[in-house]
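Participant: As a plain string of letters, each chain reads:
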Amino acid sequence: MIFNIFKKELKETLRDKRTLIMMLVIPILIFPLILNVVVGVSSSFEESAENKTLKIGILGETDDYLALKLNEIPNALGPKTLIPYHGDSLKMKADLKEEKLDIVFIYDSKFSEKLDKMEPTKLICSFDKTKIGYDQRAQKYVQYIETEERLKRYQALNIDEQQITPFEIAFENSASNQKMIGELLGGFLPYIFIAFGFMGCMYPAIDLFTGEKERGTIETLLTTPVSRWKFLIGKMLVIILSGLLASCFALLGLFFSINLMDIIPDPEIMNVVNQILSVGFVLKLFLLLLPLTVFFAGIMIPIAVYTKTFKEAQSIIAPLNILVLLPAMAGLFPGIELNVQTAMIPILNIVLTTKGLIGGTIDYSLLILSFSVMVVLAGIAVAVSFKQFGKETNILS
Amino acid sequence: MIKVEHLTKQFSLNKEQKKEAGTTDKFAFAVNNISFDCKPGEIFSLLGPNGAGKTTTLRMLSTVITPTSGSIIMGGINAVTHPNEARRKIGFLTGSTGLYTRLNAHELIDYFASLYGVSNQMLIERKKYLFDLLDMNEFAHKRIGKLSTGMKQKVSICRTMIHDPEIVIFDEPTSGLDVITAESIIQLIRDCKSQNKTVIFSSHIMGEVDLLCDSLAIIHKGQMKYQGSMQKFREKMSEKSITAEFIKTVQA
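Chains as they are written, first to last, in our numbering: chain A, 1 to 397; chain B, 1001 to 1252.
Don't read these hints as lab results, they were simulated from the structure. As the structure is a prediction and not an experimental result, all values here were calculated from the model. Check before you lean on any hint, since a few could be wrong.
[As the list claims (entries may be wrong)] Below are the PhoX-like pairs computed for lysine-lysine, each with C-alpha atoms no more than 25 Å apart in a straight line:
| id | chain 1 | residue 1 | chain 2 | residue 2 |
| --- | --- | --- | --- | --- |
| 1 | B | Lys1128 | A | Lys11 |
| 2 | A | Lys11 | B | Lys1019 |
| 3 | B | Lys1018 | A | Lys11 |
| 4 | A | Lys391 | B | Lys1018 |
| 5 | A | Lys308 | B | Lys1019 |
| 6 | A | Lys7 | B | Lys1018 |
| 7 | A | Lys17 | B | Lys1152 |
| 8 | A | Lys391 | B | Lys1019 |
| 9 | A | Lys17 | B | Lys1146 |
| 10 | A | Lys7 | B | Lys1225 |
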C-alpha cells in the first residue's frame, strides 16, 4: 500500500513544474553556470591584465638610469610606457590616485651614483593593489632590474654566486593533495548538498501536505481504509527522494563542470579530485545525507500539515533554510574539527564528517556517532510529523 | 444500515474562537448527543442551517474525525473502534471535494481502487460500468485539471462508487454546482437507493430534500430538532411550504 501511495505521489510530484525546477533544473545547471561565469570572467580579466600596456611614472627623466633599465625589460614581461615627471613627485602621486598612471617609481636623485658606488639606495614602487595583475607586473620589473644589478656587483667583486649562498631553502607541504582539497573545499561540498537537499524537500513537502488541504483532497483520502501512517510514510518517501535527487543532480552538475570546463589545469590535482568523487565516496556521502534528508522532511511536514495555504507554508519553511545553513557554514571555517562535541551538533556534524571523508582524515568512530545522532533526530522528526498528521485540527481546515 | 447513538463532538476553543463566540468556555459542542438510524434502500437527509453540525456529523460517520462520545454502527461494524473496516463500506462525496488535477481520470480511479483494496478484475468491471454510465470515456485520459466542472464531478462520483460501497455519504453534494451537474448527483442518489444502498445526505436546499428523501433529521447548533419520516413531516406541517416549516422547526 505504501508503495502505491509513493508511486502516485511521485507521479504527481514529477508533473509539478515548481518541484521539477527546484529538484532537477536548478541543481544540475547551477554549477555549470556559476563556474562558467567565474572561470570565463576571471580568465578574461587575467588575459586583459597581462596584455594591458601599463603607464609607468618615472620621477626623473627618460634618460635616468632606472628609466633606461625599465626600457630594457622585454615586452614579454608585459608592455609599458614610461612617463617622466621631472622631479614633480606630488603631481605624479596625484596622477596615480586619479588613475592616470598605473605604477610609479620614486627614487633618490643620486640613485645611479649610489648603485655605481655599490651603496644601498631606496626604490619605491607604488601602485593600486586592488587592480588585477599590477602586483605581479611590478614585482617582475623590479626583480628583473635587481637581479641584473646584483649579478653586476658579484662580477665586479669577483664573487661566485654559489659561494655566498649558504643553503637553498625549500618549504615542502607534508599534507597530501587530498588533505589540502579536503581542508580547503571539503566543507563546501556538503554545504551545497545541504542547501539543495533542503530546497529539494521544500516544494514536495508543501505540495503533498498543505496542497492536499488547499485543494480539498485530504478529506476523501482519509475516508479510505488506509492508516494515516501509511500516507505519511508514502508521502515522506517522495519528499526524501526529491531532496536526495536535488543533491544528486547538484553533484552531477559539479562533476560535469569540473570535467568538461577544464577549471583545474593541474592534472595531478584533477586526478585527486576524480579519486575523491569516486563511487565509494558518493555512496558514503549519500548514506550520511539520508538521515539528514529524513530530518529535513521531518521538520517540514509538521509545518506543512499545520499551515492552511501554500503561501503560509512557504513563508515559514523558506526562512528555516537560513537556520539550516548556519551550522553548515560553521563547518566551512578552518579550525573547526569533528570531535565528540561537534558530532552532536546536527548538520555541522555532517559537514565535518564529509570534510574528513574528502580529506581522508575521518575518524570512523566519530562518523558513526554523527550518523547515529542524525538517525535519532530523524526518528524524532518522523514521530513529530506522525503526531501532527494525526491531529484532526491540523488536517481539516 | 447506519445506527448512531448519543453522538457528541466537542472542540476546544482558542482565544480567537472564544472572542468570536463571546464565551469564556474552554470547549464548544459541534454535535451534542444526537441519535438516528438510516436503513438500506432509504434516503436519509440531515438538514440544518450553516454551522448546525451537519458536516461534523458526516465527518464522524465517514471516520475522518473521532467522536468525543457516542457510537456509530455502519453495516454492523463499530466505526469508532474499527474505522478502517467501516471505511471499506463507505463512499464519501462532498460538494467541495477536490481532485488530483495532475492525474487523469484513469490514474485517479486506479489509485482510489488500490486504496480500497479493489481487485484487478473488479476494477476493470466497475470502471467500465461507471465510465459508460457517466459517459466518461471521452475525457478519461485527459488531466483532471483541464476538465470542466461537470466532468470533474463525474470523476468524483466514479471515485466515490468505484468500490461499490454499501453506505454512501453525501455532504452538500450539489453545493455550488450548476443545474445540469447537480442533476447527475440527484440521479446518483436515486440509483443508490434503487441498488438498496444506505444513503445519507446533508443539504439546506429543501427542494432537493422534498424530492429525494424518505426520512430526515433536522439539527441546529449541534442538537436534534426533529427526526422522522418525510411523510410524517409533511403531515404535521403547519406552514405552507416545507422551507417555512423547516425554519419554524429550527427556530423553535
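Participant: Each of the hints needs a verdict: does it hold here or not?
Facilitator: Each hint tested on the structure:
A hinted pair counts as satisfied when its Cα atoms are at most 25 Å apart, and Lys1128(B) with Lys11(A) qualifies at roughly 24 Å. Pair hint Lys11(A) plus Lys1019(B) does not hold up; C-alpha atoms about 44 Å apart against a cutoff of 25 Å. Distance restraint check for Lys1018(B) and Lys11(A): the Cα-Cα separation of roughly 43 Å exceeds the 25 Å cut-off, and the hinted pair is therefore not satisfied. Our distance criterion of 25 Å between C-alpha atoms is met by Lys391(A) and Lys1018(B), whose separation comes to about 21 Å.
With a C-alpha separation of about 21 Å, the suggested pair Lys308(A) and Lys1019(B) falls inside the 25 Å cut-off, and the hint holds. A threshold of 25 Å between alpha carbons decides the hint, and for Lys7(A) with Lys1018(B) the separation of about 43 Å lies outside it, so the pair is violated. Restraint check for Lys17(A) and Lys1152(B): satisfied, since their Cα atoms lie roughly 22 Å apart, inside the 25 Å limit. As the CA atoms of Lys391(A) and Lys1019(B) are separated by approximately 23 Å, the hinted pair is consistent with the 25 Å bound.
Our distance criterion of 25 Å between C-alpha atoms is met by Lys17(A) and Lys1146(B), whose separation comes to about 16 Å. For the given pair, Lys7(A) sits about 47 Å from Lys1225(B) by alpha-carbon distance, which is inconsistent with the 25 Å threshold.
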